[in-house]
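Participant: Please build the complete structure, drawing on both the sequences and the hints.
If you want the building blocks of each chain, they are given just below.
Protein chains: 2
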Amino acid sequence: MKTSPLAPEKLPHLAPIEGVEIGTTAAGIRYKGREDVMVMRFAAASQIAGVFTKSTTAGPPVQWCRAHLAGGEVGAIVVNSGNSNVFTGAPGHDFVHQTVAAAASALSVSPETVFVSSTGVIGELPPVDRMVAGVDAASANLSPDSWEKAARAIMTTDTFPKMATLTRTIGGVDVTFNGIAKGSGMIAPNMATMLVYLATDANVAAPALQSALSDAVETTFNAITVDSDTSTSDTLLLVATGQAKHARIASAKDPDYAEIAGAVHAICLELAHLVVRDGEGATKFAEIRVSGARDVAEAKKVAMSIANSPLVKTALAGSDPNWGRIMMAIGKTDVEIDQTKLTLSIGGIPVAANGSIVPGYSEALVAAHMRLPEVMIETGLGNASPGHSFTVWTSDLTHGYIDINVDYRS
Amino acid sequence: MKTSPLAPEKLPHLAPIEGVEIGTTAAGIRYKGREDVMVMRFAAASQIAGVFTKSTTAGPPVQWCRAHLAGGEVGAIVVNSGNSNVFTGAPGHDFVHQTVAAAASALSVSPETVFVSSTGVIGELPPVDRMVAGVDAASANLSPDSWEKAARAIMTTDTFPKMATLTRTIGGVDVTFNGIAKGSGMIAPNMATMLVYLATDANVAAPALQSALSDAVETTFNAITVDSDTSTSDTLLLVATGQAKHARIASAKDPDYAEIAGAVHAICLELAHLVVRDGEGATKFAEIRVSGARDVAEAKKVAMSIANSPLVKTALAGSDPNWGRIMMAIGKTDVEIDQTKLTLSIGGIPVAANGSIVPGYSEALVAAHMRLPEVMIETGLGNASPGHSFTVWTSDLTHGYIDINVDYRS
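Just so you know, the protein sequences line up as chains A and B, in that order.
Here the working numbering is used: the first residue of the first sequence is 36, the next is one more, and so on.
Here the working numbering is used: the first residue of the second sequence is 36, the next is one more, and so on.
Quick caveat, the hints were computed from the structure, so don't treat them as lab data.
Be aware that one or more of the hints could be misleading.
Claimed, not checked - If you anchor each label on the Cβ, the simulated ranges turn out as follows:
{"no.": "1", "chain 1": "A", "residue 1": "His434", "chain 2": "B", "residue 2": "Ala175", "range": "44 to 50 Å"}
{"no.": "2", "chain 1": "B", "residue 1": "Pro421", "chain 2": "A", "residue 2": "Lys37", "range": "21 to 27 Å"}
{"no.": "3", "chain 1": "B", "residue 1": "Asp369", "chain 2": "A", "residue 2": "Ala61", "range": "54 to 60 Å"}
{"no.": "4", "chain 1": "B", "residue 1": "Asp369", "chain 2": "A", "residue 2": "Lys67", "range": "38 to 44 Å"}
{"no.": "5", "chain 1": "B", "residue 1": "His434", "chain 2": "A", "residue 2": "Tyr396", "range": "38 to 44 Å"}
{"no.": "6", "chain 1": "A", "residue 1": "Thr204", "chain 2": "B", "residue 2": "Val393", "range": "34 to 40 Å"}
{"no.": "7", "chain 1": "A", "residue 1": "Ala301", "chain 2": "B", "residue 2": "Pro126", "range": "46 to 52 Å"}
{"no.": "8", "chain 1": "B", "residue 1": "Ser249", "chain 2": "A", "residue 2": "Thr38", "range": "49 to 55 Å"}
{"no.": "9", "chain 1": "A", "residue 1": "Gly383", "chain 2": "B", "residue 2": "Glu53", "range": "57 to 63 Å"}
{"no.": "10", "chain 1": "A", "residue 1": "Lys67", "chain 2": "B", "residue 2": "Val393", "range": "49 to 55 Å"}
Stated by the list, open to error - Each computed DMTMM-like pair below joins lysine to aspartate or glutamate, with the alpha-carbon atoms no more than 25 Å apart:
{"no.": "11", "chain 1": "A", "residue 1": "Lys89", "chain 2": "B", "residue 2": "Glu253"}
{"no.": "12", "chain 1": "A", "residue 1": "Lys89", "chain 2": "B", "residue 2": "Glu398"}
{"no.": "13", "chain 1": "A", "residue 1": "Lys67", "chain 2": "B", "residue 2": "Glu398"}
{"no.": "14", "chain 1": "B", "residue 1": "Lys89", "chain 2": "A", "residue 2": "Asp330"}
{"no.": "15", "chain 1": "B", "residue 1": "Lys67", "chain 2": "A", "residue 2": "Glu147"}
{"no.": "16", "chain 1": "A", "residue 1": "Lys89", "chain 2": "B", "residue 2": "Asp369"}
{"no.": "17", "chain 1": "B", "residue 1": "Lys376", "chain 2": "A", "residue 2": "Asp373"}
{"no.": "18", "chain 1": "A", "residue 1": "Lys336", "chain 2": "B", "residue 2": "Glu398"}
{"no.": "19", "chain 1": "A", "residue 1": "Lys280", "chain 2": "A", "residue 2": "Asp291"}
{"no.": "20", "chain 1": "A", "residue 1": "Lys37", "chain 2": "A", "residue 2": "Asp129"}
{"no.": "21", "chain 1": "A", "residue 1": "Lys89", "chain 2": "B", "residue 2": "Asp330"}
{"no.": "22", "chain 1": "A", "residue 1": "Lys376", "chain 2": "B", "residue 2": "Asp129"}
{"no.": "23", "chain 1": "A", "residue 1": "Lys37", "chain 2": "B", "residue 2": "Asp438"}
{"no.": "24", "chain 1": "B", "residue 1": "Lys336", "chain 2": "A", "residue 2": "Asp369"}
{"no.": "25", "chain 1": "B", "residue 1": "Lys37", "chain 2": "A", "residue 2": "Glu159"}
{"no.": "26", "chain 1": "B", "residue 1": "Lys89", "chain 2": "A", "residue 2": "Asp438"}
{"no.": "27", "chain 1": "A", "residue 1": "Lys37", "chain 2": "B", "residue 2": "Glu371"}
{"no.": "28", "chain 1": "B", "residue 1": "Lys37", "chain 2": "A", "residue 2": "Glu409"}
{"no.": "29", "chain 1": "B", "residue 1": "Lys336", "chain 2": "B", "residue 2": "Asp438"}
{"no.": "30", "chain 1": "B", "residue 1": "Lys89", "chain 2": "A", "residue 2": "Asp250"}
{"no.": "31", "chain 1": "A", "residue 1": "Lys336", "chain 2": "A", "residue 2": "Asp291"}
{"no.": "32", "chain 1": "B", "residue 1": "Lys376", "chain 2": "A", "residue 2": "Asp369"}
{"no.": "33", "chain 1": "B", "residue 1": "Lys89", "chain 2": "A", "residue 2": "Glu371"}
{"no.": "34", "chain 1": "B", "residue 1": "Lys336", "chain 2": "B", "residue 2": "Glu253"}
{"no.": "35", "chain 1": "B", "residue 1": "Lys67", "chain 2": "A", "residue 2": "Glu398"}
{"no.": "36", "chain 1": "A", "residue 1": "Lys67", "chain 2": "B", "residue 2": "Asp355"}
{"no.": "37", "chain 1": "B", "residue 1": "Lys184", "chain 2": "B", "residue 2": "Asp330"}
{"no.": "38", "chain 1": "A", "residue 1": "Lys376", "chain 2": "B", "residue 2": "Asp373"}
{"no.": "39", "chain 1": "A", "residue 1": "Lys89", "chain 2": "A", "residue 2": "Asp129"}
{"no.": "40", "chain 1": "A", "residue 1": "Lys336", "chain 2": "B", "residue 2": "Glu371"}
Cβ coordinates follow ideal geometry from the N, Cα and C atoms, glycine included.
Facilitator: This is how it looks when you write it as structure tokens:
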């Protein structure tokens with residue numbers, strides 16, 4: 036699989052975070068010749084927050100994580116790629132229990148603080164014996180410096196590992212946030228369709244961590260779409276090891292909370308954009324901005340309608356300034372629109388206003404913008420002034436998407 | 036453009052209908068070397084019913100038709116292909132007025148009984164001078180036997196003309212229903228995304244005709260989807276010339292109304308299936324049946340989620356029995372599901388039940404079914420017993436769809 040043309044030129048190096056150790060191994064779950072199991076071990080009393088898929092056919096790993104999040108404490112995270120664990124019945128739940136037991140034993144943590152994910156083909160149970168052996172092997176090679184290996188071990192159809200890092204200063208103390216993500220198909224708005232693991236050495240209690248994460252998701256992972264499909268396994272976990280020597284942030288009312296929330300939002304946005312840049316078959320990264328809406332939900336509905344339209348996405352792929360398809364996508368939602376108030380611009384170039392094309396419109400100018408790898412589409416609905424806005428990021432629909440998905444399992 | 040592999044082997048011959056004359060011409064609106072303007076002229080006092088796109092960015096032709104439908108009478112229908120007339124401002128309305136005036140004059144009908152459609156690229160106004168000349172030329176070669184020419188003149192990305200015909204007996208008198216349709220992309224559930232013109236010599240008053248048409252649409256044109264995109268120009272018109280010598284059917288309470296309603300439903304379903312068979316790039320015709328729902332809306336929501344899922348559609352294209360993707364598509368709606376009650380079968384072969392794959396499941400058997408050009412997917416939600424059901428028809432997502440749409444305008 037060729038690396039996405041939208042991949043960053045250089046992978047960032049993720050420095051160790053105090054209280055986080057990572058082990059990986061090639062367990063042979065499904066793939067040959069690459070690592071496919073990852074364990075993360077956290078310092079005692081590390082705090083965790085999480086957001087999960089809204090799918091009603093979520094699998095046993097998501098059900099397990101949801102049930103154990105309330106405790107707020109995390110000892111380990113265990114992930115395998117190759118097969119997801121969804122619609123697998125009682126053996127699927129047994130797989131989770133055996134994975135958790137193996138990790139608890141190998142890493143000396145309490146089972147109820149082990150969080151798990153499985154990603155890959157739906158409906159086929161990963162082999163439990165290989166998984167247990169893989170957890171043992173990965174737990175035997177823990178290192179604080181294996182973030183890139185972790186990012187690679189959780190990949191499925193991804194063409195590059197997705198990593199982000201940033202530092203902030205809290206009460207005079209530097210804290211680091213690291214994050215890795217996997218995801219490239221089944222990316223849709225009902226919570227990011229992917230796996231994402233974030234860790235920081237900041238000293239933050241679980242409720243404050245959850246508040247920051249839940250707020251960040253709406254305008255980051257819930258604002259991207261590749262193919263409008265929603266994974267059954269979406270999992271986003273944020274761990275704070277508390278090893279940084281600043282005063283503990285116990286709640287969202289703490290004066291230092293805003294700094295944490297800002298950092299969580301920034302790293303989520305960076306990883307969300309990386310997921311779109313690795314959208315299956317993507318050759319374009321498109322930003323869709325909708326403004327002048329009666330409320331944010333209305334702006335988001337129109338933005339998602341544009342971003343998910345196969346005809347808009349194929350026009351993006353062809354660098355075709357076929358703006359009529361954008362009008363079609365705006366018109367197909369149930370949002371009431373006054374065509375005479377609608378405005379549209381592409382790459383900052385006005386295209387339509389007052390119910391028709393703008394005088395002097397230059398298609399050549401818009402076509403030149405659309406040939407760039409990053410395309411900006413902006414529409415003002417004119418339903419309220421100034422009104423509410425929402426921005427969505429998406430990729431184009433290409434032969435590459437078809438190639439990948441007509442025979443994903445083979 | 037190669038003919039769809041799902042096209043019928045033979046085109047039906049549509050016999051003349053008393054009271055209907057058709058003229059076509061090559062007006063050079065956009066295409067070269069083919070006909071692109073069609074006029075139909077109807078006997079005096081012919082009755083009309085119509086259903087239109089729900090798009091909020093519908094164009095002037097749809098606005099004109101909606102405004103004049105209440106009169107119930109029709110003198111002519113005029114259609115051009117090549118450019119639609121959407122988001123064209125005041126010149127777009129002027130185009131409609133000039134088209135209507137030209138047809139009224141050439142065909143000696145009253146302007147308010149002329150119905151119009153334009154189909155093709157959105158946002159580019161068809162040249163009004165060529166249209167007026169085209170209406171004149173088409174009106175000069177009227178014939179009762181030009182149904183196939185009409186079906187060809189309204190095509191855009193269609194690979195074959197779509198026609199259907201059937202006869203019924205009303206009060207001892209034979210009546211005929213003919214229909215033509217165009218549509219292959221921008222096919223989605225908010226009313227069939229296409230143009231459809233039906234005519235019969237039955238003697239039916241407009242209110243009864245409208246009732247039969249509105250009822251038929253929900254389970255025919257509103258039950259198909261190719262790409263989830265909704266056209267701005269969808270128009271479905273049904274004309275009854277009243278030339279058949281049976282007693283007039285004035286309302287839905289008439290004892291003969293059921294025969295009319297049944298015929299309208301049957302011809303709508305046949306044409307709707309033809310549209311799916313000509314779905315852009317289609318190589319598979321898939322029927323998605325959902326049962327055991329709390330109500331019809333719930334069944335339809337799940338069926339459409341499966342039918343519109345790019346990952347299900349690419350699995351269809353690859354003849355890949357990747358049933359986990361169907362589970363994903365079921366799970367991504369907001370319909371509450373109990374996984375243990377869900378059943379899934381493909382081609383009549385049970386795949387999943389009781390929360391996991393069925394014992395003895397043979398993937399080879401399902402793969403053999405999926406290699407057929409017609410694929411049947413059935414799911415029982417188990418939310419009610421027997422519960423409500425809905426059936427949707429769709430096509431697969433292939434390289435052909437991408438080819439057609441990355442450069443549709445060139």
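Participant: Take the hints in turn and mark each one as holding or not.
Facilitator: We went through each hint and held it up to the structure:
{"no.": "1", "hint": "A/His434 - B/Ala175: 44 to 50 Å", "verdict": "holds, 46 Å"}
{"no.": "2", "hint": "B/Pro421 - A/Lys37: 21 to 27 Å", "verdict": "violated, 50 Å"}
{"no.": "3", "hint": "B/Asp369 - A/Ala61: 54 to 60 Å", "verdict": "violated, 39 Å"}
{"no.": "4", "hint": "B/Asp369 - A/Lys67: 38 to 44 Å", "verdict": "holds, 39 Å"}
{"no.": "5", "hint": "B/His434 - A/Tyr396: 38 to 44 Å", "verdict": "violated, 32 Å"}
{"no.": "6", "hint": "A/Thr204 - B/Val393: 34 to 40 Å", "verdict": "violated, 58 Å"}
{"no.": "7", "hint": "A/Ala301 - B/Pro126: 46 to 52 Å", "verdict": "holds, 48 Å"}
{"no.": "8", "hint": "B/Ser249 - A/Thr38: 49 to 55 Å", "verdict": "holds, 53 Å"}
{"no.": "9", "hint": "A/Gly383 - B/Glu53: 57 to 63 Å", "verdict": "holds, 59 Å"}
{"no.": "10", "hint": "A/Lys67 - B/Val393: 49 to 55 Å", "verdict": "violated, 29 Å"}
{"no.": "11", "hint": "A/Lys89 - B/Glu253", "verdict": "violated, 29 Å"}
{"no.": "12", "hint": "A/Lys89 - B/Glu398", "verdict": "violated, 29 Å"}
{"no.": "13", "hint": "A/Lys67 - B/Glu398", "verdict": "holds, 23 Å"}
{"no.": "14", "hint": "B/Lys89 - A/Asp330", "verdict": "holds, 22 Å"}
{"no.": "15", "hint": "B/Lys67 - A/Glu147", "verdict": "violated, 70 Å"}
{"no.": "16", "hint": "A/Lys89 - B/Asp369", "verdict": "holds, 8 Å"}
{"no.": "17", "hint": "B/Lys376 - A/Asp373", "verdict": "violated, 45 Å"}
{"no.": "18", "hint": "A/Lys336 - B/Glu398", "verdict": "violated, 39 Å"}
{"no.": "19", "hint": "A/Lys280 - A/Asp291", "verdict": "holds, 14 Å"}
{"no.": "20", "hint": "A/Lys37 - A/Asp129", "verdict": "violated, 37 Å"}
{"no.": "21", "hint": "A/Lys89 - B/Asp330", "verdict": "holds, 22 Å"}
{"no.": "22", "hint": "A/Lys376 - B/Asp129", "verdict": "holds, 20 Å"}
{"no.": "23", "hint": "A/Lys37 - B/Asp438", "verdict": "holds, 21 Å"}
{"no.": "24", "hint": "B/Lys336 - A/Asp369", "verdict": "holds, 16 Å"}
{"no.": "25", "hint": "B/Lys37 - A/Glu159", "verdict": "violated, 38 Å"}
{"no.": "26", "hint": "B/Lys89 - A/Asp438", "verdict": "violated, 34 Å"}
{"no.": "27", "hint": "A/Lys37 - B/Glu371", "verdict": "violated, 39 Å"}
{"no.": "28", "hint": "B/Lys37 - A/Glu409", "verdict": "violated, 34 Å"}
{"no.": "29", "hint": "B/Lys336 - B/Asp438", "verdict": "violated, 29 Å"}
{"no.": "30", "hint": "B/Lys89 - A/Asp250", "verdict": "violated, 35 Å"}
{"no.": "31", "hint": "A/Lys336 - A/Asp291", "verdict": "violated, 34 Å"}
{"no.": "32", "hint": "B/Lys376 - A/Asp369", "verdict": "violated, 33 Å"}
{"no.": "33", "hint": "B/Lys89 - A/Glu371", "verdict": "holds, 11 Å"}
{"no.": "34", "hint": "B/Lys336 - B/Glu253", "verdict": "holds, 13 Å"}
{"no.": "35", "hint": "B/Lys67 - A/Glu398", "verdict": "holds, 23 Å"}
{"no.": "36", "hint": "A/Lys67 - B/Asp355", "verdict": "holds, 22 Å"}
{"no.": "37", "hint": "B/Lys184 - B/Asp330", "verdict": "violated, 42 Å"}
{"no.": "38", "hint": "A/Lys376 - B/Asp373", "verdict": "violated, 45 Å"}
{"no.": "39", "hint": "A/Lys89 - A/Asp129", "verdict": "holds, 23 Å"}
{"no.": "40", "hint": "A/Lys336 - B/Glu371", "verdict": "holds, 22 Å"}
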